[in-house]
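Trainee: Full structure from sequences and hints, please.
Chains as they are written, first to last, in the working numbering: chain A, 1 to 171; chain B, 172 to 202.
What the hints contain is simulated information worked out from the structure, not anything from laboratory work. You may find that some hints are simply not true.
Unchecked claim - Here are the simulated SDA-like pairs of lysine to any residue, each with C-alpha atoms no more than 25 angstroms apart in a straight line: (1) Lys48(A) - Leu176(B); (2) Lys173(B) - Ile119(A); (3) Lys138(A) - Asn174(B); (4) Lys138(A) - Asp177(B); (5) Lys173(B) - Val35(A); (6) Lys138(A) - Met172(B); (7) Lys173(B) - Phe32(A); (8) Lys48(A) - Thr37(A); (9) Lys126(A) - Ile55(A); (10) Lys173(B) - Lys53(A); (11) Lys42(A) - Gly27(A); (12) Lys173(B) - Ile55(A); (13) Lys89(A) - Ser201(B); (14) Lys139(A) - Ser201(B); (15) Lys173(B) - Ala148(A); (16) Lys42(A) - Asp177(B); (17) Lys42(A) - Ser178(B); (18) Lys173(B) - Tyr31(A); (19) Lys173(B) - Asn115(A); (20) Lys173(B) - Phe34(A); (21) Lys89(A) - Gly186(B); (22) Lys126(A) - Glu58(A); (23) Lys139(A) - Pro122(A); (24) Lys89(A) - Ala191(B); (25) Lys125(A) - Asp177(B); (26) Lys42(A) - Ala191(B); (27) Lys48(A) - Leu28(A); (28) Lys42(A) - Val183(B); (29) Lys53(A) - Asp177(B); (30) Lys138(A) - Ala202(B); (31) Lys53(A) - Pro132(A); (32) Lys139(A) - Lys173(B); (33) Lys89(A) - Val199(B); (34) Lys139(A) - Asn174(B).
Said to hold, decoys possible - Just a sample of chain A residues kept apart from chain B, beta carbon distances all over 12 angstroms, derived: (35) Pro44; (36) Gly85; (37) Ala133; (38) Arg150.
Note that beta-carbon positions come from the ideal geometry of N, C-alpha and C, so glycine has one too.
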Amino acid sequence: MNEIVTFAWWVFAFRWFHVLSAIMWIGLLWYFNFVQTPTMPKIPAELKPGVGKFILPEALFWFRWGAMSTIVTGIILGWMNGYIGEALKLGIGDHSANLTAIGFGIWLGAIMWFNVWFIIWPGQKKNLGLVPAGDDEKKRATRIAGLASRINTMLSIPMLYCMLSASHGVF
Amino acid sequence: MKNPLDSLGQTVLLGFILTAVVVVLIHVISA
Chain A
1 MNEIVTFAWW VFAFRWFHVL SAIMWIGLLW YFNFVQTPTM PKIPAELKPG
51 VGKFILPEAL FWFRWGAMST IVTGIILGWM NGYIGEALKL GIGDHSANLT
101 AIGFGIWLGA IMWFNVWFII WPGQKKNLGL VPAGDDEKKR ATRIAGLASR
151 INTMLSIPML YCMLSASHGV F
Chain B
172 MKNPLDSLGQ TVLLGFILTA VVVVLIHVIS A
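Mentor: What follows is the structure, given as structure tokens:
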């Protein structure tokens, strides 16, 4: 047993949970941006509450907690691998493209996590009526949340390039 | 002017452009 559950195995286990969480998060981010948002205007008015009242709250639950789990397992993984400090400094002075790449990946992911928890979710709470807001405020919060979601979709592309290239021999 | 983030296609295109910028920065910083 001891030969299987080594430190290296734990590092791998955290990487596994990091990727599982990230698929949950980015999968739902892309669902919102590639499927739900573009389809909403085409859905008949009487069917819209099915999305807004049933699918959206459930999707947002797994979305925001997927984001939280991704960043927590990612920080633990970077710490176990011994590079979290250097990576956060973008590997400046280390002359290691891998460190700089994972550093950019971490910062892009951190910006995305911030957007989820401090812009998208507070905006959606107003949109869903979980937090009281007037019509104008609701409209404004929903618009800002939508733009933050689009920014995260844009950032997910370089973020994944950085995350993957850092450990797959690109540099 | 229309916000490019309102277009899914332009959002994805911006993502790829940003990737190119980040790749250049990675090479410059780590040189």
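Trainee: Next step is simple, just say for each hint if it's right about the structure.
Mentor: Taking the hints in turn, this is what the structure says about them:
no., hint, in the structure
1, Lys48(A) - Leu176(B), "23 angstroms, holds"
2, Lys173(B) - Ile119(A), "22 angstroms, holds"
3, Lys138(A) - Asn174(B), "20 angstroms, holds"
4, Lys138(A) - Asp177(B), "19 angstroms, holds"
5, Lys173(B) - Val35(A), "21 angstroms, holds"
6, Lys138(A) - Met172(B), "24 angstroms, holds"
7, Lys173(B) - Phe32(A), "21 angstroms, holds"
8, Lys48(A) - Thr37(A), "12 angstroms, holds"
9, Lys126(A) - Ile55(A), "16 angstroms, holds"
10, Lys173(B) - Lys53(A), "30 angstroms, violated"
11, Lys42(A) - Gly27(A), "22 angstroms, holds"
12, Lys173(B) - Ile55(A), "29 angstroms, violated"
13, Lys89(A) - Ser201(B), "12 angstroms, holds"
14, Lys139(A) - Ser201(B), "44 angstroms, violated"
15, Lys173(B) - Ala148(A), "16 angstroms, holds"
16, Lys42(A) - Asp177(B), "16 angstroms, holds"
17, Lys42(A) - Ser178(B), "16 angstroms, holds"
18, Lys173(B) - Tyr31(A), "23 angstroms, holds"
19, Lys173(B) - Asn115(A), "22 angstroms, holds"
20, Lys173(B) - Phe34(A), "19 angstroms, holds"
21, Lys89(A) - Gly186(B), "23 angstroms, holds"
22, Lys126(A) - Glu58(A), "16 angstroms, holds"
23, Lys139(A) - Pro122(A), "13 angstroms, holds"
24, Lys89(A) - Ala191(B), "20 angstroms, holds"
25, Lys125(A) - Asp177(B), "22 angstroms, holds"
26, Lys42(A) - Ala191(B), "35 angstroms, violated"
27, Lys48(A) - Leu28(A), "19 angstroms, holds"
28, Lys42(A) - Val183(B), "22 angstroms, holds"
29, Lys53(A) - Asp177(B), "23 angstroms, holds"
30, Lys138(A) - Ala202(B), "48 angstroms, violated"
31, Lys53(A) - Pro132(A), "16 angstroms, holds"
32, Lys139(A) - Lys173(B), "18 angstroms, holds"
33, Lys89(A) - Val199(B), "15 angstroms, holds"
34, Lys139(A) - Asn174(B), "17 angstroms, holds"
35, Pro44, "22 angstroms, holds"
36, Gly85, "16 angstroms, holds"
37, Ala133, "23 angstroms, holds"
38, Arg150, "4 angstroms, violated"
Of the numbered hints listed earlier, those contradicted by the structure are 10, 12, 14, 26, 30, 38.
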